[in-house]
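K.L.:
Take a look at the letters that make up each chain.
Protein chains: 4
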Amino acid sequence: MNFASDNTYGAHPAVLAALSDCNDGAVMGYGADPVTERAEAVIREVLEAPQAVVRFVATGTAANALVCGQYAPRYGRIYCHQDAHIETSECGAPEFFTGGAKLVTVPGGSGKMQPGELASRMWRGAAGGMNGGRNGLISITNATEWGTIYSLQEIAAIADVAHEAGLPLHMDGARFANAVAAAGCSAADMSWRAGVDALCFGGTKNGAMGAEAVVFFDPAHAEDFDYRRKQSGHVFSKQRFLAVQMLALLEGGLWLELAKHANDLAAGLADAILAAGGNLLAPVQSNAVFATIPPEAHARAKAAGAIYYLWPDKSAEGQDPVPIRLVTAWNTPDADVAALIAALKG
Amino acid sequence: MNFASDNTYGAHPAVLAALSDCNDGAVMGYGADPVTERAEAVIREVLEAPQAVVRFVATGTAANALVCGQYAPRYGRIYCHQDAHIETSECGAPEFFTGGAKLVTVPGGSGKMQPGELASRMWRGAAGGMNGGRNGLISITNATEWGTIYSLQEIAAIADVAHEAGLPLHMDGARFANAVAAAGCSAADMSWRAGVDALCFGGTKNGAMGAEAVVFFDPAHAEDFDYRRKQSGHVFSKQRFLAVQMLALLEGGLWLELAKHANDLAAGLADAILAAGGNLLAPVQSNAVFATIPPEAHARAKAAGAIYYLWPDKSAEGQDPVPIRLVTAWNTPDADVAALIAALKG
Amino acid sequence: MNFASDNTYGAHPAVLAALSDCNDGAVMGYGADPVTERAEAVIREVLEAPQAVVRFVATGTAANALVCGQYAPRYGRIYCHQDAHIETSECGAPEFFTGGAKLVTVPGGSGKMQPGELASRMWRGAAGGMNGGRNGLISITNATEWGTIYSLQEIAAIADVAHEAGLPLHMDGARFANAVAAAGCSAADMSWRAGVDALCFGGTKNGAMGAEAVVFFDPAHAEDFDYRRKQSGHVFSKQRFLAVQMLALLEGGLWLELAKHANDLAAGLADAILAAGGNLLAPVQSNAVFATIPPEAHARAKAAGAIYYLWPDKSAEGQDPVPIRLVTAWNTPDADVAALIAALKG
Amino acid sequence: MNFASDNTYGAHPAVLAALSDCNDGAVMGYGADPVTERAEAVIREVLEAPQAVVRFVATGTAANALVCGQYAPRYGRIYCHQDAHIETSECGAPEFFTGGAKLVTVPGGSGKMQPGELASRMWRGAAGGMNGGRNGLISITNATEWGTIYSLQEIAAIADVAHEAGLPLHMDGARFANAVAAAGCSAADMSWRAGVDALCFGGTKNGAMGAEAVVFFDPAHAEDFDYRRKQSGHVFSKQRFLAVQMLALLEGGLWLELAKHANDLAAGLADAILAAGGNLLAPVQSNAVFATIPPEAHARAKAAGAIYYLWPDKSAEGQDPVPIRLVTAWNTPDADVAALIAALKG
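Residue numbers (this note's numbering), protein chains in the order written: chain A, 10 to 355; chain B, 10 to 355; chain C, 10 to 355; chain D, 10 to 355.
Some hints here could point you the wrong way.
[Unchecked claim] In silico lysine to aspartate or glutamate, EDC-like type, Cα no more than 20 Å apart, as pairs:
no.: 1; chain 1: B; residue 1: K323; chain 2: A; residue 2: E126
no.: 2; chain 1: D; residue 1: K354; chain 2: D; residue 2: D343
no.: 3; chain 1: A; residue 1: K269; chain 2: A; residue 2: D280
no.: 4; chain 1: A; residue 1: K323; chain 2: B; residue 2: E126
[Claimed, not checked] Pairwise CB distance ranges, derived in the manner of DEER restraints:
no.: 5; chain 1: D; residue 1: A136; chain 2: C; residue 2: D343; range: 31 to 41 Å
no.: 6; chain 1: C; residue 1: S324; chain 2: D; residue 2: A26; range: 54 to 64 Å
no.: 7; chain 1: D; residue 1: A136; chain 2: A; residue 2: D198; range: 40 to 50 Å
no.: 8; chain 1: A; residue 1: G34; chain 2: C; residue 2: G327; range: 52 to 62 Å
no.: 9; chain 1: A; residue 1: G34; chain 2: C; residue 2: K311; range: 18 to 28 Å
no.: 10; chain 1: A; residue 1: L289; chain 2: C; residue 2: E54; range: 17 to 27 Å
no.: 11; chain 1: C; residue 1: A165; chain 2: B; residue 2: Q60; range: 33 to 43 Å
no.: 12; chain 1: D; residue 1: A41; chain 2: B; residue 2: G125; range: 39 to 49 Å
no.: 13; chain 1: A; residue 1: H172; chain 2: B; residue 2: S195; range: 49 to 59 Å
For the record, the hints were derived by calculation from the structure and aren't laboratory data. Built from N, CA and C at the ideal position, the CB exists for glycine as well.
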């Protein structure tokens, strides 16, 4: 009964099988192999973006930070939500990969930036001239760190703010699958058609061992990206083993099935929390539930063996009601969810 | 009638004279000269810190950013007020000199951090473990960016928070002279006796052409500092010309006279603003006045030729009342202040 | 018949099986799982270093560059052979991870630095004072980029030079297994007993998909290393999948068997080259052969389908004799070697 | 009798007078003042480059490193002579300002790169693909670190190599005045007309206190340069005091007079060394003399009080003949040269 994160589980059997299937024989290293080529092609197809440049890395932090470094100079300002993963959870990777850029955080309910608030901060940044650095990049996360979803209209509105200022828009898609599955739109709709310039298309939280695709929809934006990837140690010599993980998830639509599974379970948990007298801290739109629950429900859940985090951290221990975060994964067992629901309801 | 900043005026005649006086003959470069040695000694005397390591640079941004780089690793968190110069006005220099540290801002009235608020944010940073980076440095500015003064007790309280966490305390003293003059204490009281580990002792805003001293009270903290200074291009070959500027200000106490002049003029402006129906946005304790004034007073001041900035920026144009910032300098003419007072009062 | 590199082949079946075996269930991420713990323990056992700190990353460039960043400041000088992988083949990763350190190269036959030559360059670096930066790290590769082996005595002599100057010694062990297998010594003999402070223990070239261990023999040397790893995107959320690869290779001694296979095949190729009228450019001591061969032998090899690189690069095309590099891998088929030998001999 | 360096002397009286002359009144800071504007204009005139972007910094290391950072990415390769100041004497500043670029050194007699040797190394760098980083910048020094002069034809030949590869050419002109004075050409001839894209026009070694101009002949090359300068702490608030130093040297041609003085004295020393049985290690073409002299001449010079460095460092102590470096400055007294000549000749 592990609801701590969607990275606590392992890899989908199809991913493991794909690793074995591409294991035979000798191929040239560093990405010059047919598996990598095919995986890149499949991602372009899924995104309906025949010109896009696709590259694979093993971690979400690498993907995001490399994109930050690609777009923002060391004197750049990168605008993101105050709870953005790049701000709170990557140990300063964007700052390191850019050589010193500043993350400018934007508040906003449910993990989402509002275009007006963003524009206002961008204006202030620009008004500071040399003093505050140059506006460099806008970054959003979808699904957000609060498990909510930016709608296509909301993405487009932020893209407009970015593009009017001549800035690119990055989407941290560590849970892109969950967002697409939740929105019921196409991957293209949720990315380049809405104005996204660079997408980090996550695999790890959705059944890969450790694989993410970085996608630049305009190939000109990818100039020199391979040097950045290499210099940061993120080019694998046996690159096919990264690529094939994404291939296994994307061919045949497995990625959306897995994301839908996680989303559905989270919806069920949300209902149970409300039924148990709890409250949701944000709408449950993908695979995460942020809620407060009565201390008794918390005690019953823990007694039943459920593992999850208090929110925002352990300092919430002892609060009444208890703020918690539950995350469901691509393979969270239905039985675990049922058991947690039973415990919550008492 | 220039009240835009305390860097709009030139250098004190004693500074210029000192440049000429040390010009003759050949000496070894890069700081191995007797003038530099003497200037370092005088600063140690003024600070009553015989063990301190003293180094000179030409700009306040260099001084602050070098100290940040000295203490905070690239994965470090540097805590400062949300209006700190290192956060708002140095184009990301601390991030660059550290290689990617994150400035974590702390809100607080009148430009001052409260120890409790600081401690709370430091706790959260530490609680994040690897995710958010490692707590690395606490930085305060005195006089603050709002022209207020941290009292010795307030500094000590922040130093306690820092030291209990094993972190050093940096003081951005671009207007250290104004702070010491305002507090009527010794330079030692306002620095190491209150718990400051590294002081950027400003000269430029107080009558130098461009000179600042970086002081590490514990010589162990200065290890390798000269490499950092050299690698960033801040070691002058004709180093004596930096050092002698500080020498001219510090020998004989000129630095405190000049700072007192600026402080006194600001106090007069504050009184005039209140008399003219304006309001102070922060207590006027050194050489800056943040206030709102009636539009008519603003119009009269502008008509009289007064130069100053709206606050926080030009977007304040047209507000009623008008938020403004006035800064007095070491040599702001009394007549200019009198003229501005007359214009404000109408 | 691929002799281009030892990273052209895939993973050993035991590695793939181990991935599957550890796939079930949910564990805490980022290394806080029992598989990672066990893999770290096994490496400590193999190295007879119960105090060592062991961490896993996916690429050799990451491993090397992280160690460089751990030891050398941004104003540091890192001494290595002029053909060192960190100098020629990592796109400036050491420079990036240190924030600007300088690699000072040392010439030397067969890919090996001589202690005297190293000491002489270190002396010159120190003599330059601030100008040239501070001596920071010594790095050697074993097996070397030329397929040769530093003997235990040679390592110790270099370690002495390093330690007398107060500097640590890093060993790039991308082919550490090949070196240990060739020397017939213990892993401890070839590392800490000979004076190595930090070892990059390679798995990828020896049958892993992509896994390397970074080992600090003195735990004090590992301070903050996890922050560096995280900030560069090299901490895997599903960390067990890295760790288990090394575990599969090390438990039961598979790593030495595989390395011995590669070494033995290379020795056979060396004999064939000599028999075919070629010459060796360096002693063949591990799994790489640098040689010149008659153009006819080259033509026959190519006609037979052998894939390998000219040396040092394609500009050697058309030379007589033809300089080439042949690399054997953990699973290079005996038949391929036999076929190449036949082709070379004509 | 100081021949250690051309930075051991102070500033020309005209420079000091100019500082005083621009001291009165209040002007806007950070370069938005009329003195800076005029100094920029005068440099454009002297260089016959009406479109050029001109910026001032206080040290040569800052100037060079900022240009490196402007042109070379962190994965870049910067080609320079093995004795280039940026390689040997700036503590890794180019590496720091670029965030990790690699300096690739090129050997060559008398401090000068040969175009063929340069092209060959550039080819090898490009051939390495991702492995070695991307070719980014070519840098030459004129006058060179050996006191020699690249002729206009030699500069043009190197510029051709650079431009054919699509790379810019930087000239470290710490002693640009000495080079122009020696060549008897125009400043334009020696810079943009010969293919130089960015010039660091030195003032410090030629009579300034500490002032250098960075010149980008194509304004597009200067994009964002002010951010870089600011973020590294090299924008002075009282910027006029930097600018006016260059103005004092350039208006009226003082810069060439001073350089000619230094050059002439060096020529005299060279003659004396030959007459005293010494040998020149490089042609004496500007204000530095590299030579070997008999031990007796060395002893007499030292006894007479002459200060100079052994070459390349103190390890030359005791050699016979004695390798030395003598540098003359803009104001080296004729009497000092005469005295040294007398001592050398015995």
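K.L.:
Do the Cβ positions of A136/D and D198/A conform to the proposed distance bound of 40 to 50 Å?
P.N.:
holds, 43 Å
K.L.:
Is the hinted range of 49 to 59 Å satisfied by the C-beta distance from H172/A to S195/B?
P.N.:
Distance hint for H172/A, S195/B holds at roughly 56 Å.
K.L.:
K269/A and D280/A were given as a pair; does the straight-line alpha-carbon distance stay at or below 20 Å?
P.N.:
Cα-Cα ~17 Å, so holds.
K.L.:
Holds or violated: 54 to 64 Å for the Cβ distance of S324/C and A26/D?
P.N.:
holds, 59 Å
K.L.:
Determine whether the Cβ-Cβ distance between A41/D and G125/B falls within the hinted range of 39 to 49 Å.
P.N.:
41 Å Cβ-Cβ, so the 39 to 49 Å window holds.
K.L.:
When you check the alpha-carbon spacing of K354/D and D343/D, does it fall within 20 Å?
P.N.:
holds, 16 Å
K.L.:
Holds or violated: the 52 to 62 Å window for the beta-carbon distance between G34/A and G327/C?
P.N.:
violated, 30 Å
K.L.:
Should the hint that A165/C and Q60/B are 33 to 43 Å apart at their CB atoms be regarded as holding?
P.N.:
holds, 40 Å
K.L.:
Can you confirm whether the C-alpha distance between K323/B and E126/A stays at or below 20 Å?
P.N.:
Answer holds: K323/B to E126/A is near 18 Å, not above 20 Å.
K.L.:
Do the beta carbons of G34/A and K311/C sit within 18 to 28 Å of each other?
P.N.:
holds, 19 Å
K.L.:
For the pair A136/D and D343/C, does the Cβ-Cβ distance stay inside 31 to 41 Å?
P.N.:
holds, 33 Å
K.L.:
Is the Cα-Cα distance between K323/A and E126/B 20 Å or less?
P.N.:
holds, 18 Å
Going down the numbered hints, you'll see the structure goes against 8 and 10, while the others check out.
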